[in-house]
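Colleague: Position chain R relative to chain P; hints supplied.
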Amino acid sequence: MDLTIKIGGAAGQGVFVLGRTIGRLFARTGFYTFGYPEYPSLIRGGHNSYQVVVSNKKVETPLSFNSVVIALNKQAVKFHAPYISQNGILIVDESAGDVNVREDIKVVKVPTSKIINESKGSPKMANIALTGAMLPLFDFDLTILNQIIKDEFSRKGEEVVKVNQLVAKNAYEYVKEHYPNVKIELPEPVAKLKAYTSGNEAFGLGAIKGGLKFYAAYPMTPASSVLHYLVSKAKKHNLIVVQAEDEIAAANMAVGAGFAGLRSMTGTSGGGFALMTETVGMAALAETPVVFFIAQRTGPSTGMPTWTEQADLWQILGASQGEFLRIILAPGNAEQAFYLAGEALNLAEEYQLPVFVLSDKFLSESHYSMEKVESPGIRRGKIVKEGLKPLEKGERFKRYEDVEDGISPRTLPGTPNGEHVATSYEHLEDSFTTEDFKERVKQVEKRLRKLKKLKEIAFEPDVYGEGDISLVVWGSHLGPALKAKEILANKGINVKVIHFTWLYPLSKEKVENVLTDKNIIIENNRTGLFERLVRAETGITFTASIRKSNGRPLFPEQIAKAVETIVNGEFKEKEFIIKEEEFEPYEFYAPWRYE
Amino acid sequence: MIDEFVTVEKPQWCPGCGNYGILTAIRRAFDELGLKPHNTVVVSGIGCGSKIPHYIRTYGYEGIHGRIIPLAEGIKLANPALTVVGIGGDGDGFSEGGNHFLHAGRKNTNITYIVQDNQIYGLTTGQASPTTHKGVKTKTTPDGAFLREFRPIPTALIGGATFVAATFAGDVNHMVKVMKDAISHKGFAFIDVYQPCVSWNKLNTYAWWKQRIYDLEKEGHDPTNFEKAMEKALEPYRTNWEKVPIGIFYKEERQTLEDVLVKGIPVNESLEVDVSSDLRELM
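Residue numbers (the working numbering), protein chains in the order written: chain P, 1 to 595; chain R, 1 to 283.
Among the hints, a few may not be true.
As a list, the in silico EDC-like pairs of lysine to aspartate or glutamate whose alpha-carbon atoms are at most 20 Å apart [claimed, not checked]:
no.	chain 1	residue 1	chain 2	residue 2
1	P	K235	R	D259
2	P	K236	R	E269
3	R	K10	P	E395
4	R	K10	P	E374
5	P	K372	R	D3
6	P	K385	R	E272
7	P	K150	R	E281
8	P	K389	R	E253
9	R	K10	P	E439
10	P	K235	R	D3
11	P	K58	P	E439
12	P	K382	R	E272
13	P	K194	R	D274
14	P	K393	R	D3
From chain P, some residues computed to sit far from chain R (all C-beta separations above 10 Å) [claimed, not checked]:
no.	residue
15	M1
16	K209
17	P219
18	K233
19	I248
20	M282
21	E419
22	E537
23	T541
Over 10 Å on every C-beta distance to chain P, these chain R residues come out as not near it, computed from the model [what the hints assert, rightly or not]:
no.	residue
24	W13
25	K51
26	Y59
27	Y61
28	V136
29	T141
30	P142
31	N173
32	K180
33	A207
Note that these hints are calculated values from the structure, not bench results.
No residue lacks a Cβ here, since even glycine has one placed at the ideal position from N, Cα and C.
So that you can see chain P by itself, here it is in the shape it has in the complex (with noise of 0.2 Å):
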């Protein structure tokens, strides 16, 4: 059983707090619990809304449907109430004045100018009464919630707490009093979770507990966050977190950081990362270990900054002139964000090439449940620190010797008779320079040899469930897919979901593994990126393909009326675009046209 609560309001008055707030308190409670903001580029105007997901199954998206509405003006009344589900209820404001909504819906109001004045608080804590007079709804008391403010608060002082704590108490009397009748049903709570956190914490936190001792980057939406996380860590586990003054100075030392032997990463969006492109190839040639993070966001150029998009796939592939090998991850939720952290670490420094994670806004910035936290540990590859033979004067260490496996050893500087020039030229084997035809073609060769291992090593697509029709997404996608799922077998159509985290280089036998006859593919682009991807490494091509591209993410009931059109063949083409007109209620309002 699902129950959404979505809040909103004006930009500035803390509707992702609120959101976070109650999402933590359902997570704690026991929930399943998946949060899903929305907001444009903007720091004050516009609307913000937040949509809290609970269940007793594991949900990994946002629903068109809302339970209960959290308006904190009258645009938050005028957006979403409209979508409240039959006999929901909405929770206002006083302030937003008189509300006009369909009869079915219970209305509560919530003096929370007067409760906060009466508890000597401050305005900014409308928040926190809002929560307190929500929790009368699902029988909750207060034990949960002033844990959550003792914990959000302490460092301002006990008085801030108690403040706080009194703010709710008297604003979850006022609705016990008032509405003692205005109930909702909640399922049972069964689940047993580590976390409650965005995409990029569980990527930072997964890096910290992969090894990762330096991050260097430049502030852009949606990876920033990554950077204020690990910056807030840094003093406790000992991290060298930067703020460069461009994204080539933000990869350059992460590479120089890389050479220099520790685990090193830079993260930033699309448009940062086309300023580091150049700095890909260096690592490629020099084989410096490093991960580059990029959160996508809708483009092309500044394009919907706050948005989201899986389309910068083919930037990352192609970032860099000439030919190399690169490793491309997509995790598609917090656990998966977490551990793929780790492992982007160990196999740039395993394969000495760079590697990229790539997330989305909805990843990013979405919250999730997390239940496992799993690393994957730490492997450092082929680094020599002791018996090396003495250089003989003027010698070398043969950096790039031409290995059977394609990875030479590699030394760190600090360690005598490992000696050498990591170099942006072509190269011998003791890392001079050279424009010799043979030892060009020998390097090259040594490179291109770790490919071998590399599709060995490739983790094959995950499969949920069975059923002859395949719904195949990348990435942040899989949460929408795995719920679209659930609804298409309510109308008796099986599908099976199958998610790809690793999207480069692809094993074409492990791919053909798990394909089935019919094969629908998912993509948040425009022109199928990953589908182009999948038939030019492996000739396999889709029986269709669901696309969208207007910032949003597909929603899990849009993705199952578009399987189902295509499977009752109703739809001959083979390219299904989602337009929002034809499903409402999904893209009810719009928040860039805020009054």
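Modeller: Same frame as chain P, now just chain R:
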């Protein structure tokens, strides 16, 4: 032993190139400071002079055009026990890498940055550089360079570099002295090396420089006085290159980037981390 810093590779610069003197000076400075090849990293970019890591037997990173400073900063932060020296040309540092040069002083990482400033693009066969003197004919300025010269030393001072010096590729002893001081300095040390390019720059020859340069130290310049340093830094431009001071313009002690960001030597640290309390925080 200076031999420690020699590699089997022979430099391939034009006969008479200023880079030969610079190479000799770097090896001597490393030797006289008692540096060890394995604890030293020479970082370069792209340009004639940026081939220099291949002629000095230390660790090295020959990166891409314009990115010497951030690459060197990353290496130094990762392992502050290393001596990190960046070296590249005027096009690399002042044009392509301009933003990094602007910010390097603010960050004040403990690295040395040497610019082989020959007022021309050599490797790409003679185009104007940011420091090409007005009126000089180059491939891209057939009627003579018409933009005002970029001013490296005043820019470094304004940018907050904590060691700012100039030297001359025709005077190895002076270069060795300045380089040793720069490497010994704790903080971002910038050295502008006036360097003739015998193939492409027919104006700024060895003889031309010798007529104009003078040693700040012999004049009794006080390198702790910022205003005086700026006055001296502007002298070549105010005198239309009649008087060109070399030596240390300015020197101060200030908090370095490593002082703030780095505890110990991170490359020696264990990578095993317990994140259970961080997870609880996220719950």
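Colleague: Decide, hint by hint, whether the structure agrees.
Modeller: Now for the hints, and whether the structure bears them out:
no.	hint	result
1	K235(P) <-> D259(R)	13 Å, holds
2	K236(P) <-> E269(R)	14 Å, holds
3	K10(R) <-> E395(P)	12 Å, holds
4	K10(R) <-> E374(P)	52 Å, violated
5	K372(P) <-> D3(R)	57 Å, violated
6	K385(P) <-> E272(R)	19 Å, holds
7	K150(P) <-> E281(R)	12 Å, holds
8	K389(P) <-> E253(R)	41 Å, violated
9	K10(R) <-> E439(P)	19 Å, holds
10	K235(P) <-> D3(R)	42 Å, violated
11	K58(P) <-> E439(P)	54 Å, violated
12	K382(P) <-> E272(R)	19 Å, holds
13	K194(P) <-> D274(R)	14 Å, holds
14	K393(P) <-> D3(R)	8 Å, holds
15	M1	23 Å, holds
16	K209	5 Å, violated
17	P219	15 Å, holds
18	K233	7 Å, violated
19	I248	6 Å, violated
20	M282	5 Å, violated
21	E419	5 Å, violated
22	E537	29 Å, holds
23	T541	39 Å, holds
24	W13	14 Å, holds
25	K51	7 Å, violated
26	Y59	4 Å, violated
27	Y61	5 Å, violated
28	V136	29 Å, holds
29	T141	27 Å, holds
30	P142	30 Å, holds
31	N173	25 Å, holds
32	K180	21 Å, holds
33	A207	33 Å, holds
In the structure shown, a violation is registered for the earlier hints numbered 4, 5, 8, 10, 11, 16, 18, 19, 20, 21, 25, 26, 27, in ascending order.
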